[in-house]
Amino acid sequence: MTDALAVTPAPAARRGAGAVAVTGAAAASAYGRGTEALASGLLSGQPAFAPVQRFDVGARRVHFAATMPGLPELLTEVTRAAAEACDDAGLSSADRARTPLFLAIHGDPAIARAPEADKPGRGPGAFTAAVAAGCGLAEQDVRCYTSACVAASTAIGDAASIIARGHADRVVVAGGYLVECDQFALFDAGRVLADDGQVRPFSAGRRGLLLGDGVGAVVVESLRAARARGAPPLARLAGWGRTGDAYHPVQPHPEGHGMARAVTAALQRAGIAAEDLGYVNAHGSGTGQSDPAETNALRLALGDAAASVPVSSTKSLHGQSLEASGVLELIVTVLAARKGMLPVNAGFLGADDRCRLNLVLGEPLAATPEFAMSLNAAFGGANTALVIGLP
Amino acid sequence: MTSPASVAPPSLAALRAAAAAAGLTVCASASWPETDADGEVPALAGFIESSFSPLLAEVAARALRSRAQPQGPGNVTAIVMVTALGDVTSAVRVAAAVDAGTRVSPLLFFQSVPNAVAGYLATRWHLTGPVVCVSGTRAGLDVAAALIEDADADEALVVRVDLAVTGGGRDRAAAIVVTGPADRERHRTG
Chain A
1 MTDALAVTPA PAARRGAGAV AVTGAAAASA YGRGTEALAS GLLSGQPAFA
51 PVQRFDVGAR RVHFAATMPG LPELLTEVTR AAAEACDDAG LSSADRARTP
101 LFLAIHGDPA IARAPEADKP GRGPGAFTAA VAAGCGLAEQ DVRCYTSACV
151 AASTAIGDAA SIIARGHADR VVVAGGYLVE CDQFALFDAG RVLADDGQVR
201 PFSAGRRGLL LGDGVGAVVV ESLRAARARG APPLARLAGW GRTGDAYHPV
251 QPHPEGHGMA RAVTAALQRA GIAAEDLGYV NAHGSGTGQS DPAETNALRL
301 ALGDAAASVP VSSTKSLHGQ SLEASGVLEL IVTVLAARKG MLPVNAGFLG
351 ADDRCRLNLV LGEPLAATPE FAMSLNAAFG GANTALVIGL P
Chain B
1001 MTSPASVAPP SLAALRAAAA AAGLTVCASA SWPETDADGE VPALAGFIES
1051 SFSPLLAEVA ARALRSRAQP QGPGNVTAIV MVTALGDVTS AVRVAAAVDA
1101 GTRVSPLLFF QSVPNAVAGY LATRWHLTGP VVCVSGTRAG LDVAAALIED
1151 ADADEALVVR VDLAVTGGGR DRAAAIVVTG PADRERHRTG
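Chains A and B, in that order, are what the protein sequence lines are. Residue numbers for the first sequence follow the working numbering, so the first one is 1 and each next one is one higher. Residue numbers for the second sequence follow the working numbering, so the first one is 1001 and each next one is one higher.
Since the hints were made in silico from the structure, they are not lab data. There's no promise every hint is true.
To be verified - What follows is a set of in silico ranges between Cβ atoms, one per label pair, in the way DEER data are often shown:
1. Pro1181/B to Gly205/A: 36 to 44 Å
2. Ala1164/B to Asn358/A: 48 to 56 Å
3. Arg113/A to Arg1124/B: 30 to 38 Å
4. Arg1170/B to Gln251/A: 27 to 35 Å
5. Pro1073/B to Glu363/A: 46 to 54 Å
6. Ala1021/B to Ser92/A: 55 to 63 Å
7. Glu1049/B to Pro232/A: 48 to 56 Å
8. Ala1164/B to Asp195/A: 51 to 59 Å
9. Gly32/A to Ala1068/B: 52 to 60 Å
Glycine included, each C-beta is placed from N, C-alpha and C at the ideal position.
This is chain A alone, in the form it adopts within the complex:
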């Protein structure tokens, strides 16, 4: 059992008074381009993993990932997604020109092999400015987040924070990761990839994670501004929390203390109780240490509700898209809530006593959660929680 008293209390979560909404979304993944392709792939329950064709994996221990066909380019895909999210939100050219972009990427994929003299122009800031220019967003106030698997979710939390305080009306948050040879080699060398070709979050016999293409973009907007221009929200961005474990450079706190504080802060900002959550899209990496830590975090933060709230990690379907995970999985959470169908936690072989949760198994679960949460965690003990509510 975990000891709730050992957890440093979450600071009283404060936020601005303004309500925040998601008014547009776009995505691309191994299931194809567009949110409908993503939703239909998720609800098929069929994981998108296959042998990698994009580059040579002959020297690697593991040969699987979830990839789109062909050789998609990150700049093109992220720019397309950001533009489509703006279209989805009904933003005019004038609206876009006043809207900043927060982008989550590992970096410009070309920098490592660029000539020395070209490297200074290949930074993530320049990449972000190019995306903004490509879809007509403001080229001032762009931000690029590179903080690993919480980069996009942190950017979304930051956007919500400044919008709630009235410092901005609207921010486009985008993220992108396309499976490539360098990160694949690193993850393979780190022996964290699942050598059985499946991601099995919270399951007995889980063998690790698999990488997956993930591109997503959302328009985060004040509800007041959205109403003023007659834009219907896809969802409210009700709460957000960001914390650090202060435990280990690359391992999560085994009792989930940091993530529990992030969940608590997000619930407090949303003004809801644990029992109000109808779905949790878990971080659920499918690795040995992370899944029990996340289970403990949910038990600490949600109490008895942790045993009943439906949970799935859709990384078991679309894979781990690193810096883009937070925005892709927020979109997944919004789609699940809006469609009233919760995606499965695929790859499940059997219960692990350290990961006892109410997992969505077998087939998607029909449910219409009023509130749902998306969780992410990363190296450095970084944790994020985002709570959405149906409008």
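Please arrange chain B on chain A, whose structure you already have, making use of the hints.
Quick look at chain B alone, frame taken from chain A:
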């Protein structure tokens, strides 16, 4: 403040200016190099081949050690890293190994994102706030200001690291600890 230098390096000056623009109070600062004695960056166990993480850890430690006041047990400190190009040295090493078909060290996996050294710092100094890495100084200080304003952190350690990417260049780094406007008087008189 540990720097005896009369002229702040550009990165520290930029951090201070951005902190002021964001309405934040600088209560500690440090930079690398600070004096001619700053030659080789001290090694950091578990991090190899690149000075990025050791440099970030060293300049952050200097700033944290120079804080005038001891921090209470409930004090929450965010870690905000700023880097224009990231750990280019590690990225180049990995690409070279991949292209040559040679073994990639598992240690390079762990340091492939800036979060790993942030996790080291968080553990060493018990910094329980959010961990963020952005590419611009102004963005970094804006993130810090928002985290403090929303009580996600009481203070933020903001570290900027710029590795030399051309021959003859020198790695540079700077760190500041910032608090919100309400703490200004406390730190001025502390």
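Structure-based check of each hint:
Distance hint check: the CB atoms of Pro1181/B and Gly205/A are about 53 Å apart, inconsistent with the given range 36 to 44 Å. Distance hint check for Ala1164/B and Asn358/A: the Cβ-Cβ separation is about 52 Å, which falls inside the suggested range of 48 to 56 Å. Against the hinted window of 30 to 38 Å, the Cβ-Cβ separation of Arg113/A and Arg1124/B comes to about 34 Å, which satisfies the hint. Checked against the given bound of 27 to 35 Å, the beta carbons of Arg1170/B and Gln251/A, roughly 34 Å apart, stay inside it.
A hinted range of 46 to 54 Å for the beta carbons of Pro1073/B and Glu363/A is consistent with their spacing of about 48 Å. The supplied range of 55 to 63 Å is broken by Ala1021/B and Ser92/A, whose beta-carbon atoms lie about 30 Å from each other. Between Glu1049/B and Pro232/A the beta carbons are some 52 Å apart, a value that agrees with the proposed interval 48 to 56 Å. Under the hint 51 to 59 Å, the C-beta atoms of Ala1164/B and Asp195/A, about 39 Å apart, miss the expected range.
One distance hint, 52 to 60 Å for the beta-carbon pair Gly32/A and Ala1068/B, holds here, with the actual separation near 57 Å.
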